[in-house]
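Undergrad: Given chain V's structure and the hints, the job is docking chains Z and Y with the ligands onto it.
Chains as they are written, first to last, in this note's numbering: chain V, 1 to 827; chain Z, 828 to 1138; chain Y, 1139 to 1421.
Treat the hints with care, as some may be off.
The calculated label-pair distances, taken between Cβ atoms and stated as ranges, are [unchecked claim]:
hint : chain 1 : residue 1 : chain 2 : residue 2 : range
1    : V       : K793      : Y       : D1330     : 42 to 50 Å
2    : V       : G40       : Y       : E1143     : 26 to 34 Å
3    : Z       : L1077     : V       : G742      : 30 to 38 Å
Sample of chain Y residues with no beta-carbon within 10 Å of chain Z, all distances over it, derived [said to hold, decoys possible]:
hint : residue
4    : D1277
5    : G1297
6    : A1322
7    : N1369
Hints are computed from structural coordinates only; laboratory data are not their basis.
Idealized CB from N, CA, C, for every residue including glycine.
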Amino acid sequence: MTNHWRDIRHADLILINGGNPAEAHPVGFRWFMKAKLERGAKMIHVDPRFTRTSAVSDLHLRIRTGSDAAFFGGLIKYVLDNKLFHDEYVRRYTNAAFVVDKGYSFKDGMFNGFDEETNAYDATTWKYEPLPGADASQQSPKGLGAGAKAATGLTWSAGPSATLARLDIEHPRSVLNLMRKHYSRYTPEMVERITGIPRAQFLKVAKMIGEMGRPDKVMTQVYAVGLTHHTTGSQMIRSAAVLQLLLGNIGRPGGGMNAERGHANIQGNTDNAISWEVLPGYLKVPAPGQRTVADYFEQSAPKKAHPNALNYFGTNYGKFLISLLKTWYGDKATKSNEYAFDHLPKPAGNSSWITIFDQALQGKMEGVMLSGMTASSIGPDSNQVQKALGKLKWLCVMDSLPTTSSEFWHAPGVDPSKIDTEVFVLPATHWIEKEGSFTNSGRWLQWKDQVLPPQHESRHDHWILADLFLRVRELYRAEGGKFPDPIMDLTFPYRDPAKPAFDEIAKEVNGKDLKSGKRLETFADLADDGSTSAGNWIYTGSYPESGNMMKRRNGVQDPKRNDPTGMGYYPEWAWAWPLNRRVLYNRASADPSGKPWDPERPGIKWDAAQKLWVGDVPDYPPDADPADPASPLPFIMTGEGVGRLFSNGLADGPFPEHYEPIESPVKNPLHPEVSASPAAFLYDKAAGRPSRFGTVDEFPYVATSYRLTEHEHYVTQHVERLVKLQPEAFVEIPAELAGEKGIDTGDMVRVWSKRGKLEVRAVVTKRLGPLTIDGHKVYQIGIPIHWGYVGIKTGQHWLANALTPFVGDATVRTPEFKSFLVNLEKI
Amino acid sequence: MTAFADVQHFAGDPEWTWYILFYFFLAGLAGGAYFLATLLRHWGTPADEPLARLGMYVAFPATLICPLLLTIDLTKPLRFWHMLVNTTPGGFGLNFKIWSPMSVGVWALLVVSLFTIVSFLDALARDGKLRAPLAGVVAVGGTKAWNVVGSVFWLFIASYTGVLLAVSNQPVWSDTWALGGLFLASGLSGAAALLLLLSRYRRGAEASHPVLEVAERLFTALEVLLLAVFVITLIPDGTLDDAFGMPWLLLWLVALAGLLPGLRGLAVGRLSVTGGGAVAAARVSASAMAPALVLLGVLALRAAVIFSVQG
Amino acid sequence: MATTEITPGKAYGFFTDTSVCIGCKACEVACKEWNQLPEDEDEIGFLGKSLDNTGELNGSNWRHVQFIDNVPDETLSEGDGSAFLLMSDVCKHCKHASCLEVCPTGAIIRTEFDTVYIQEETCNGCRNCIAACPYDVIDINPGKNVAQKCTLCYDRLQGGLQPACAKVCPTESIQFGPLDELRAKAKKREADLHAQGLKQANLYGHDDKVYGGLNAFFLLMDKPEAYKLPNAASAVLPSRNNIGGYLGGAVTAVLGLLGTVIALRERRRHGGEPSEPAEDAQA
Ligand SMILES: Nc1nc2c(c(=O)[nH]1)N[C@H]1C(S)=C(S)[C@@H](COP(=O)(O)OP(=O)(O)OC[C@H]3O[C@@H](n4cnc5c(=O)[nH]c(N)nc54)[C@H](O)[C@@H]3O)O[C@H]1N2
Ligand SMILES: Nc1nc2c(c(=O)[nH]1)N[C@H]1C(S)=C(S)[C@@H](COP(=O)(O)OP(=O)(O)OC[C@H]3O[C@@H](n4cnc5c(=O)[nH]c(N)nc54)[C@H](O)[C@@H]3O)O[C@H]1N2
Ligand code: SF4
Ligand code: SF4
Ligand code: SF4
Ligand code: SF4
Ligand code: SF4
Ligand SMILES: [Mo]
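Next up, chain V with everything else stripped away, as it sits in the complex:
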């Protein structure tokens, strides 16, 4: 979230698109209801199904799964055509005026820079036209006073190499004009053809949303995996972000792009490099060919593209990396060895989650350790995943309970004698059995207590891993090896190396000044000369010398004292990254002169008397006088200094474009020849396996999969109360379709895709219904994900993911769980 849960109550309009918060985030949802109850906010839920969220929304729009990019595209066009965008915001706070390089092109669904060989774009070809004869260092703003640094840790300093862009909003190739051209195709008619939302209804909603471009109005865009679980997931989300930038809603209380995260600490996972392509704090993983930190820095760090861009991230990238290396390799990380930069892997290939199963399928994987995730149930294409697990030499499951992965070898229909995989189960403590910090969707690091002592012989994951590490290191010591240094050099500075304490780790992550040994207050004090350490720069400040900020609990018990601004920031409740900032990009909540766009809902404002920005912790140098023409642009982390309407951050295009799901009932009405995303990676094809995708004539119905309030994925199949609330696997079937097939609620039905089948109960409902897509009547079927062959109610072995396709998003490889084709019959 750019904002946070509590902030949602400041919204005038809540657009929930790709999420079902009433069911998946019921407690956070209180703030949605408060917005309705206390300020009469309107709530729009765009979802293929009418859900418990729709029940309390003002409007529910039935949309076809996988078509949101078209929906947002239509809104963007509507906002541009009708000049409803926040004009000053767009001119001053976005890259609308940046002129794009002449190499840019978009034709028949293809952007420039596509490589037929690798089926991938070269994103570096999506760039700005350089400003002729510009020298960045001259134009870059000069340093600020120490006061600033203490307050937020921000100082101005010129970035390294900069390529300043040409600015001219009237230019035919200005981002704004290219956008107008790009989205001109997303007419209400086109939106109707793609999404199934009738033109009139689309326009009704577009009108409500368009009004949110007024400076005194603000809309929050809330989403979760309803947008991410697509081959075009990242672009769907970007299209929503582009809309929010146009409406001037980013950085403002009650606005923002708000991703409701999943597991209670999935945000913490992401911040700390759970996904393969980043290091802690979203530093890029080094790439082959990067010999020195300088190479890495040059290729990874954002570049300054505007004279008034602070480019804070780009400028300090090196400090963050080197402090990380100092944390990992301590004295072994020296200037002479590039701070042990070479100890970091430089993966040539993708190592995301589907890729791991793909490698296993190809027999290229010897063993897998699963900790806190159930490969078989997660999918996609569970049958193929289980086949992959069966090809491993060994599988080690660290979990507090049996899972469909620890038990896959004797799953229903599986002959154990045919499975050679050796399965180890290491009883790990469940998160309720340990203390530590959870980072929530709003980026708050909240320390929690242990609820239960560890049960039986279960051990904390990090103890299991520490023990494992010590044994592996011992083996290296004894027997040597090809490249022992990364293992041998690793620091392990814990009182009991076999049992690191969470408190020790939290301090290590915060980082310290290596000379004084004192823990740091802010990442601004990190240095690139090896004099500081930080396990994750964005967490620096969470555990300074003054104590564990994550444990702070000064909240509603005394609003007067604890919420001085009255805006609900509660700065002394836990700690939010970065630097306890509650709303990101909050400089954009005020106009160029420093006055809040809406005085009712200020983020930060310029206090001329104090010559300081006041309110939330400013996402900006706190004493940068707006009157000073050289003062930095509001988005201090980007090279442009502004929000990006045009960006080369994603692998499948600089502007979001609608592509059909891999399994789609229709050809893409925009460009039938390039129907699905050309950049989506097709594993089976690449590995020479036969295609596992179905076609609409075999599989006439669109299916989507999702959660129910009553269960937490698969684990709650062990919880009697919850099993009682939702005791049995079922699918939701549109009443009209059920009528055609003579299906009643409670009947057993068979749902099957090219990959697998379910035989479960039917729930017949009008909450799902037909849509007319490009002239064809399309039914959508709803598939809750929660059941498997493990749990207290046995005999139910249907994995929703038996149906889902083995393919992922072009950029982040998130599987397409949310739209695929199936067939249906009554049993």
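TA: Leaving out everything else, chains Z and Y with the ligands in the frame of chain V:
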């Protein structure tokens, strides 16, 4: 409530089933029997005494079985006495709640048992089955006052069972005030039939047949009247079909069949009575079927009322 | 919404605002956990009543979330808490309580918090209250074998804690508090909804029209009947039938007496009197 506005019922059913059915059945018959016995003994002729005693004998077992049925119907049978004694912490004394037919009924049942047992012993004494001094003590059980009071309580028991159902929020039951009367009427006709049936086993009892037969006809007429009232009272509440829908209609047909003998009697003989003695004795055996049918009707009527609502 | 002070002698209750209920069932589970209610084995199973598999209020479910699915088959529909009715049902703690009226053992009492409470140790399971409750609230608890229902967390109130269900409700659909405060809140909420054009919003049981007022009252988004709540006209007490019932019985008794007397007279008239006294009939 406003007439002809359908009343909405959402109450759940109490699962009062077989035990309760037979309690109602026995209560009705015993009540009628004691009542008829009393009248024949004190307002009939000495020749009616045999049947009077028969009536007292018939009423007796009910005083043992009815409380038993009520008790085993409880989900906590050992707490039967909680009906009588206030067990609320801090509270004390006896439970008597005038608005709760169940509370009132339990007390009535207690009292009536006392009266019936004594009358029963008195009957035994009169039949020479008890010797003095006990016989002297229980003689009170045959006195006019004793039997009249006993009868009044029995009439109450026979009818409150209907009120018990009515004082609820169940469909049908709570939509009418006729159930108390209906149950009493059918109890009386059932009792007359039962005594007719049993009198064959007691010498001299046939002397009272004429009375029983005519009474039977009149009770039937009374029952028909109350059935009509019952039906009419259900109309405004729109619960007629709850009561008379299938399969309950079949039970109702049996209940109606139970009225046939009485109605036939009215039609054919009106109130005329052919002398008792031998003639009657002859007819008794012939008409053994008729009383049996009446009794079945009495059971079916209660079954229909109880199960149609809870079924 | 935590109420700071819970003082005996004051009337407490629930204002359940169905317009903000999200059907999460946290209230159901919290109630079962706090009261350690048994799972009724033969009740575990798929009902598929929309998203409801609990089915009803009973001895082991003292809160039950109703799902009433009236969603129109439309690509655009207005939720507004009316299309998909979600309502957390519970004992209404009626001012004039049908159950309390008929209970023969006095097991059902009105507590110092003005709530209706069944004393577990006193109840003997006669089930008269079940026949009486117009809301199908009470049932026999399979574990304890006595009639049970929502206690309005009598034990928690005595300990100064708000009821478990209200505490967990994420949207404040269940609001606990002193009755007068709740009623004021409810009026305001109803007015707000009407102002927003949601005219169908209506309060049920907040005033004395229904059983003299319900301590657990509701804001509904449809007619009461839609939620299995009898409308004001149908909200009547069992005792309404006492007099009528007994009178009917009495009249019948008199007519029965009359009938028997007639029968005796008829016999005399037709000289059907037995000539010689029957054997051993000592006068
Ligand atoms: N009760 C419960 N809560 C949970 C979880 C749980 O298992 N149970 N899991 C947690 C986790 S890990 C996560 S990631 C979050 C996920 O939170 P959500 O994303 O809210 O959960 P989902 O139910 O997967 O999907 C949300 C909605 O997306 C809709 N949808 C499907 N396809 C599309 C589409 O193409 N466009 C649009 N606009 N909508 C679409 C579905 O109908 C569904 O209603 O929930 C978290 N919270
Ligand atoms: N078709 C379809 N598939 C989906 C989705 C979908 O929407 N549709 N959603 C996807 C998403 S977003 C997610 S997040 C996944 C969820 O998939 P999973 O994460 O596999 O689901 P959970 O049941 O939450 O599994 C968590 C496991 O972690 C264990 N656990 C809990 N605490 C600890 C701990 O401290 N240590 C260890 N070692 N184990 C612990 C639990 O016992 C449980 O077995 O499913 C994905 N799969
Ligand atoms: S499960 Fe936990 S994280 Fe999810 S909504 Fe409930 S309280 Fe919040
Ligand atoms: S709702 Fe039913 S159980 Fe609750 S007080 Fe009223 S009558 Fe009694
Ligand atoms: S079942 Fe218990 S609470 Fe209900 S009426 Fe009988 S004794 Fe009273
Ligand atoms: S008040 Fe207590 S007993 Fe009543 S429903 Fe709520 S939690 Fe259950
Ligand atoms: S907890 Fe609140 S929101 Fe959830 S179902 Fe119960 S009443 Fe509704
Ligand atoms: Mo997730």
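Undergrad: Indicate, hint by hint, whether the structure satisfies it.
TA: Now for the hints, and whether the structure bears them out:
no.	hint	verdict
1	K793(V) to D1330(Y): 42 to 50 Å	43 Å, holds
2	G40(V) to E1143(Y): 26 to 34 Å	31 Å, holds
3	L1077(Z) to G742(V): 30 to 38 Å	33 Å, holds
4	D1277	7 Å, violated
5	G1297	18 Å, holds
6	A1322	29 Å, holds
7	N1369	6 Å, violated
Hint compliance for this structure: hints 4 and 7 are not met, and every other hint is.
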